[in-house]
Structure formats: structure tokens, C-alpha cells
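J.: Protein chains in written order, with our numbering: chain S, 1 to 466; chain L, 1 to 466.
No lab work stands behind these hints: they were computed from the structure. Hints should not be assumed to be uniformly reliable.
The list treats identical chains as one, so a pair stands whether inside a single copy or across any two.
Below 30 Å or equal to it, Euclidean Cα-Cα: the simulated BS3-like pairs (lysine-lysine) are [what the hints assert, rightly or not]: (1) 435 / 245; (2) 48 / 250; (3) 342 / 435; (4) 48 / 409; (5) 314 / 342; (6) 192 / 48; (7) 435 / 192; (8) 48 / 342; (9) 250 / 409; (10) 314 / 192; (11) 192 / 72; (12) 342 / 409.
Note that the structure is a prediction, hence the values are computed from the model and not measured.
Protein chains: 2
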Amino acid sequence: MRPMIKTKLALAALSLSLAASPIALSAHEPPANATVEQMADHALEYDKLAWDFVEGITTEVGPRQAGTEAEKRGREWAMAWMRKHGFQNVADEPFEMETWVPGTMHHAEITSPFPQPLVIQPLGGSASTGPEGITAEVVYFETIGDLNAAPEGSLNGKIAYISHSMTPTQDGSQYGFAGPARWVGASIAKQKGAVATVIKSVGTDYHRNPHTGGTRVVENMIPAGALTLPDAANLERMFARADGKPIVMKLVLTPENIGTQVSGNVLGEIVGRDPSLPPILVACHIDSWWNAPGAFDDGAGCGIVAAAALNVAKSGQPLRTIRVLMAGAEEVGLYGSVAYSKAHIDEPIGVGIESDFGADRIWQFQSNFRETNPQLHAMLASSVARFGVAGSSTVATGGADINISRDQKGPIIDLQQDGTRYFDLHHTPDDTLDKIDPVQLRQNVAVWTQVVGILANYPGDIATGE
Amino acid sequence: MRPMIKTKLALAALSLSLAASPIALSAHEPPANATVEQMADHALEYDKLAWDFVEGITTEVGPRQAGTEAEKRGREWAMAWMRKHGFQNVADEPFEMETWVPGTMHHAEITSPFPQPLVIQPLGGSASTGPEGITAEVVYFETIGDLNAAPEGSLNGKIAYISHSMTPTQDGSQYGFAGPARWVGASIAKQKGAVATVIKSVGTDYHRNPHTGGTRVVENMIPAGALTLPDAANLERMFARADGKPIVMKLVLTPENIGTQVSGNVLGEIVGRDPSLPPILVACHIDSWWNAPGAFDDGAGCGIVAAAALNVAKSGQPLRTIRVLMAGAEEVGLYGSVAYSKAHIDEPIGVGIESDFGADRIWQFQSNFRETNPQLHAMLASSVARFGVAGSSTVATGGADINISRDQKGPIIDLQQDGTRYFDLHHTPDDTLDKIDPVQLRQNVAVWTQVVGILANYPGDIATGE
Chain S
1 MRPMIKTKLA LAALSLSLAA SPIALSAHEP PANATVEQMA DHALEYDKLA WDFVEGITTE
61 VGPRQAGTEA EKRGREWAMA WMRKHGFQNV ADEPFEMETW VPGTMHHAEI TSPFPQPLVI
121 QPLGGSASTG PEGITAEVVY FETIGDLNAA PEGSLNGKIA YISHSMTPTQ DGSQYGFAGP
181 ARWVGASIAK QKGAVATVIK SVGTDYHRNP HTGGTRVVEN MIPAGALTLP DAANLERMFA
241 RADGKPIVMK LVLTPENIGT QVSGNVLGEI VGRDPSLPPI LVACHIDSWW NAPGAFDDGA
301 GCGIVAAAAL NVAKSGQPLR TIRVLMAGAE EVGLYGSVAY SKAHIDEPIG VGIESDFGAD
361 RIWQFQSNFR ETNPQLHAML ASSVARFGVA GSSTVATGGA DINISRDQKG PIIDLQQDGT
421 RYFDLHHTPD DTLDKIDPVQ LRQNVAVWTQ VVGILANYPG DIATGE
Chain L
1 MRPMIKTKLA LAALSLSLAA SPIALSAHEP PANATVEQMA DHALEYDKLA WDFVEGITTE
61 VGPRQAGTEA EKRGREWAMA WMRKHGFQNV ADEPFEMETW VPGTMHHAEI TSPFPQPLVI
121 QPLGGSASTG PEGITAEVVY FETIGDLNAA PEGSLNGKIA YISHSMTPTQ DGSQYGFAGP
181 ARWVGASIAK QKGAVATVIK SVGTDYHRNP HTGGTRVVEN MIPAGALTLP DAANLERMFA
241 RADGKPIVMK LVLTPENIGT QVSGNVLGEI VGRDPSLPPI LVACHIDSWW NAPGAFDDGA
301 GCGIVAAAAL NVAKSGQPLR TIRVLMAGAE EVGLYGSVAY SKAHIDEPIG VGIESDFGAD
361 RIWQFQSNFR ETNPQLHAML ASSVARFGVA GSSTVATGGA DINISRDQKG PIIDLQQDGT
421 RYFDLHHTPD DTLDKIDPVQ LRQNVAVWTQ VVGILANYPG DIATGE
């Protein structure tokens, strides 16, 4: 199905253009007839597109919870931005989904023995306490393993509190260790008889902004919320100081399921010279949790992928189409990514790449075709070395928004971002524009411009080089 | 009134003991028969008292808004702590005051042209919008000077927004420049016809926790609230992006005046050998704003002054009484400090010192008797040089809680703390225990132990040396 061409010759030509990239840093405009390399270098110093996107969507839309009118405004805003900047085939692909909203009452307090308020927000998918709330003794679990070990019925009428610690890591790997407290804690506590679950936020900052996020929904779901790290530490000190007296908490959380609502994916393209070649899919997500303006997660990602596509277009119409997918309803269960894959599964994707881990610098290049197309892998890796990006033998598995690439078992690239600060901001009210370092944001755009530019002009099969 | 003794001789003896202070850092307990100097050195490494106080009051009481039951629990907690640690004459001196409470609805949103919620909290003393709220156009003022220049009636039916910037400073001097937006902004906006005022928080951090604080109350007071810095920056970007369209805000703030309530001052003493000598007054405040657990402001201050008094007592009964004043209702208008001065104005205070600027290191020693008692000033200043504290010719004016020293025109010392981080936390939910650096907290206790130890054993008149 894919056109066979003289790949080695093409690679040689690309390598040549890579070697000969005079940099015109003194100009704020890229040089006339700029190469991909020149566009990438220019982006490192001067890109404003990614910032413009993330500033615009966080300022003019703000939080955009999946399935709500705010997310719809986010889609409309993004489509208008893409049209203004010259994307083609800009469209909204709606889909339906069951929709949870957080409600307006988010309150916790210790009523005994140390009465005081705590800062809490509900977990996505959790149940309501009703406006009158519930008041119950809190049972402490240091880890999710301890909760798992609690006998059936041992939490009858109690609130389970799950502690755990999370350390900032460059690669975000701690999320896998700390995340289960949020992902499945409430469902396990419910099995043991708990009437509600509160967790220490899955996060690494000490500010009074809870980290929300989805939790596994089971039948007769119970209320569940996240305390901030300072509140959780305070609660743990209470256990240490209560001399065995019960710690009693009142909890008022009023989320609601509002039934089937419309969400949607936003698409836009830089149409390539040869539309018969499978497109380069660059993805991000448009939605955020209700509490977060979604600058890091994932306004920045959408800004980065869109800016890279536009920068590549400025170096001349690419051989392949670059398709931007701004997925809807990622946070609440990857509905957009799933819907896109289902609708487009029969249209081969050349390669899938996603940006959804903040706006700090890219430090590593990974692909899943290092063994099958080593020349392309090596060229891509070396092309971004000048931006401080290392190579890797780790096999890329792709992010949440490129289900289609996994479903097609197609080529995937991961441009790993520095996640050290990511879980300070993830799913919190603190995910605001001011957290974005414009210098690191531009490094992202530069790396993406370079990688997408090579891929969009690559004539062969990306997986095999043939 | 004050006993005349051979001051120079006494000074010489004190200097000698200062010079000969073998340090026993290897022991966690201070040496037997420790000198003041040894107690100060020991505190630098090992003090746990100040931490115990601030951990205890923030964990077991939490926020303690003046005039409420929570403040009362704070007083009771502090008295129990003082009794447990050996203070004498521990007592509560109640007073009455008009009491404002914040209510429970604190909501702001932009309704047009960029609908989204903003994070807000009311200013102390401000009026209620009622639960239905008010919706009005927002008028932007870059500075309080610009607001002052607005014509009478020009804000009829509008919400005034006052921007201003605050830079972190070691000495906190920026508070004087940025503070007026909060202190008087609403009262000025009201004169011009505004129906409400919102300000950018008087603070230096970019987290979604507003900085509350008192505002001048005038007849027919209007609602007033503080936005966080990220929210204020967002609002300002909206003005830049609205193409002249009006920015409309809905505001729901429901504070209440609940009439006359009881607050109180907490007192405790280390009784001196000569009760006829005027006591050393060491002060802090026990209350906090409703939104803030009050670790930096001012649980730490109370911990520091109480720990210093106890450390001095461990070096032997001091000559003079050390009186700890934990003032009530400081935040809402220095009611405790005023009440204490009124009740005790006829009892001379030897010297007044206050700790109420967080828990970071002390960097400067100031007094108001450098010219009248240069020997004592110099000895005190040199005694704390080993803790990194510089001298100063600035005349100490004292803090909020030692009105009595100003009213008596008596001696005052200021132990200036590093305020660089102070306005990240001041009057916010983020004022939690985890923000306290135990190393710097102990430096405070060491400096205070040294200074209070010298003063409590100083036989002459502190102002004159006679």
C-alpha cells in the first residue's frame, strides 16, 4: 500500500540538509526558505505560537471539564485558533459519553478531637455525600497494601484515609507507585465497608490545592476526595497526637452524574504534497479537570504540537500530511482517544507522537522502531542532540491520546519531558499559565519542529524504512 | 522608681560570662548549670520547644479567627502548653470586641466575555454581597493612585479592580508600597460609587490561595475580596484581550458582623528574683485569619518567645520576670495589644520585644536605646553576632503586639527576621507547619534566648543604664 522509494537516497539528502543549517538567530523572523533545521533553531529562540495557544486557551476559556459547555468552548476556541493560523481541514468530531461533574460543595472538617477545616476536592467519578454530608471516624492506612489487607467489613461505617508518599522524578515514574491510592483506593475501601475515602493528594507540592483525578467507579460508588499534602500531614499528626481517641471527620462532597453529554475531538491538518502517504499524527488533549485551567495539562501540549506543525509548514509544504489531534475527554477516561481510534482505525497513521507531560524541557528521544528502522531512529535522535535531548533504547509506548497508533500497532515516538515539577501542578488549581517557563516551552517546540519536520518529509515506511 | 546599681560592674561580669562559654554541642541536653550563652548555643542545635508549640497549635487548633470559638480554643491550648512547660501566673485576660466573620460563600467568576471561575476570599471587615451575589462590570486600576484620581461617581454600579505589584524583600518594606490597595482600596472605591472591590492579593507567591487581611471599614461598607496572583494575572490578560468589550464579574461573598464577642490575651511568666524590677515583655499573637493555620503568622512567634523564656529559666532563675504576652485579635485590629496596654499602662515594662514576622532567620538587631545606653546596645548586638545577626543604627519601633512599650515610651528591641518568604504565606491557607524550616526556627530561638537572657539579668534601667 505504501509507495516504495529510494529511501537511502532520501535519507542522505535529509542528512545533508541537517548538516548544512546556517542559523540566523539575529532575526526574529525565520530566514526566507528556511529549512526544517533552521525553523527548529528559530523556534528555540523565538517561537511565540505555543505560548500564544496556551495563554489564549487558559485566559479565554480556563478550566474545561469533559462533557461540559466549558470544554465545548475550548474546542471552539482551538478550532478558531487553528483556522487563524492556517491549518486546513479544521473540524470537530463529536462523540457522546457519560458525564460526571464535581458539584459545588467541597468541604471537609475534623469535628473531634481537634476541630478544624481541611481542604478537599472530590475525585472524578466519585459519589455524593448529599449536601448534609456524612460524619464518621477516620481509619488510617499507610499504604494501599495495608488497605487491601484490611478484613471485609472492618471499615463498616468508617472513612478510609490512605496515605502514601510521592517523590518528584524526571521521568514521572513515581506516579505508578503513588497513583493506585487514587485510582483504586475508594473501590477497595468500599469493598471493606467504608462509607467514604479520603486520600493524600497524588502530588509533590505543599500548597493547599488538592490534586483531583479519576478513580475507578464500582457499583454503589462511595464519596471520595483528595486532601492537600499539608492537610494530609496535619491529619497524620492528629493520629499521632490523639492518644487513641477517634478522629472524626465531616465530609460534604456533592458531585453528580449528569448522563450522556457531547464531547469531541478537534482536528486540523497541514496537508502534505502526497496525501496518499500515511499522515504524521501529533496529539494532545483539549480538556482539563474543572479545578485546573490546564496550562501544563495540557494546554502547553496542544500549543507545542500545533506550533511544530506550523513551523514545519513554514519550511515548505511537507511530503506527508501532519494531522493535529486535540483529544476531548482525556482526563475522565481517554474517551476522545478511543473515539478517534474507533472512527479512523482503517486509515493508517505514519507515526503517532503525543505531548502531555507539561511544558518543561525534553530530555530523551524514544521510538518503537529502533530495531526495525535503525537509520531513521538514529537520524532523529542525532537531529535533536543539539537541543540537549539524549537517545534511548527504551521502546516508546506512546501517550494517552494516540490509542490509534497502539491499536494499529504502528510507529510511535515519545519525546520525554522533564516531569520533576509536573506533579506539583497536575490536576490542581495551580496549573496556571505562570507556571510555564517560556524558555523550556520553546525547547519543546524546537525539538518537535525538528522531529516532525524530518518525519513529514520522510518518504519511506517509518516502521521499516522500506 | 528603678533600683540604682553599679551597672558597669554588672556589665563587666556579663561580658566575662559571654566570653567564656564552652559549647557542649555533643549533648542533646544542655550542660548542667548552663549559662545563658550555653543555652543559646544549645538552642541553635537542639531546641524543640518552639517547634513543639507551633506544631501543636497548628495541629490541635488550626485556624483561630479573632472573637470565635476557635480563637478561644487557641488560648486554652496555649495556656495548657505554658502550664505544662513550667510557666507561672498563666492567665487569660479577656476583652470584648466587635467581631467580623468571613461567612461560607466565597465565589467569583467572569461571566463575559471569557466565562470562568476565579479564586477569591473576602477582606476582613468587608460587607456581604448576599448569597445571590452581585454582577457588574470590572474597572481596571493599575495603582491605588489611579483609583484615587478617578472622578466621584465614575464607578457607579461598577466593581473596582486594583492591581499593584509586590516584590519579596528581606525587610518586608514592600508591604508599605503594596499594602494600601488592601488597606484602603475598598473605602476609596466606595467613595467613587463602586459596588465592590477586588484586589490582586498583597503577596508574592503564584499559588491559588488568596491573601486576606483587614481593610478600612467605612459607613455602608462594600464587599471586597482578594484574588490570587494567578487569577489577577488572568484577569489582566482578559483586559488586554477583550478588544474593549466589558469584563463582567459575578461576586458572591457572605461575611458577617456578629456583634460583640470575647477575645483575650494569654499571659505567662518566668518569675524573676526581684519582682520589683520591671519585667521583660516578650510578645506574639495567638489569633490567625480564618483561612490560615497560622504557622508563620504567628504560631512560630509564640513558640520562639516562649521557648526563649524557658531556655533562660534553665540557666537559673533570672533577676527580672520574663512575661510572655500572646495577644488576641491582632489580625483584625491589634485589639489585644491595645487592651493589654490599657489594662497595664501603669506597670512599667523593662523592655518590649515581639516576634511576628515568620520563622526565618534573624539577620539584624535593633534597639531604641543605642544612644541612651550604648554599652548595653553594643553588648546585646555583639552577643548575637555569632548567630549571623548584624547590628544596626536603625531605631527599633516594635511590633504590633507591644503597644504598651510605645505607649510608655519605653525600651524596645527589634530582632529583624528575614521576610523574603513571608509574603508568600501571609494570611493564606498556605501558612502551614511544613513551611517552617526547623534550622532557621532554632536560630530564632538561639538569638532570643541570648538577648532575653542578658536583659532578664540586667540590673539597671535598660533605657539609660542607670
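J.: Hint by hint, say whether it matches the structure.
T.: Do the hints match the structure? See the list:
1. In this homomeric assembly, residue 435 and residue 245 come within 30 Å of each other (Cα to Cα) only across copies, at 28 Å, whereas the closest approach inside a single copy is 42 Å.
2. In this homomeric assembly, residue 48 and residue 250 never come within 30 Å of each other (Cα to Cα): the closest approach is 48 Å inside a single copy and 33 Å across copies.
3. Taking the shortest alpha-carbon separations for residue 342 and residue 435, neither the intra-copy value of 35 Å nor the inter-copy value of 49 Å comes in at or below 30 Å.
4. In this homomeric assembly, residue 48 and residue 409 never come within 30 Å of each other (Cα to Cα): the closest approach is 35 Å inside a single copy and 60 Å across copies.
5. In this assembly of identical chains, the alpha carbons of residue 314 and residue 342 never lie at most 30 Å apart, being 32 Å within a copy and 76 Å across copies at closest.
6. Within a single copy, residue 192 and residue 48 get their C-alpha atoms no closer than 53 Å, and across copies no closer than 40 Å, so neither meets the 30 Å cut-off.
7. Taking identical chains as interchangeable, the C-alpha atoms of residue 435 and residue 192 are never at most 30 Å apart, the minima being 40 Å within one chain and 36 Å between chains.
8. Within a single copy, residue 48 and residue 342 get their C-alpha atoms no closer than 34 Å, and across copies no closer than 62 Å, so neither meets the 30 Å cut-off.
9. Taking the shortest Cα distances, residue 250 and residue 409 never come within 30 Å of each other, neither inside one copy (49 Å) nor across copies (50 Å).
10. For the homomeric pair residue 314 and residue 192, neither the shortest alpha-carbon distance inside one copy (59 Å) nor that between copies (53 Å) is at most 30 Å.
11. In this homomeric assembly, residue 192 and residue 72 never come within 30 Å of each other (Cα to Cα): the closest approach is 39 Å inside a single copy and 39 Å across copies.
12. In this homomeric assembly, residue 342 and residue 409 come within 30 Å of each other (Cα to Cα) only inside a single copy, at 14 Å, whereas the closest approach across copies is 81 Å.
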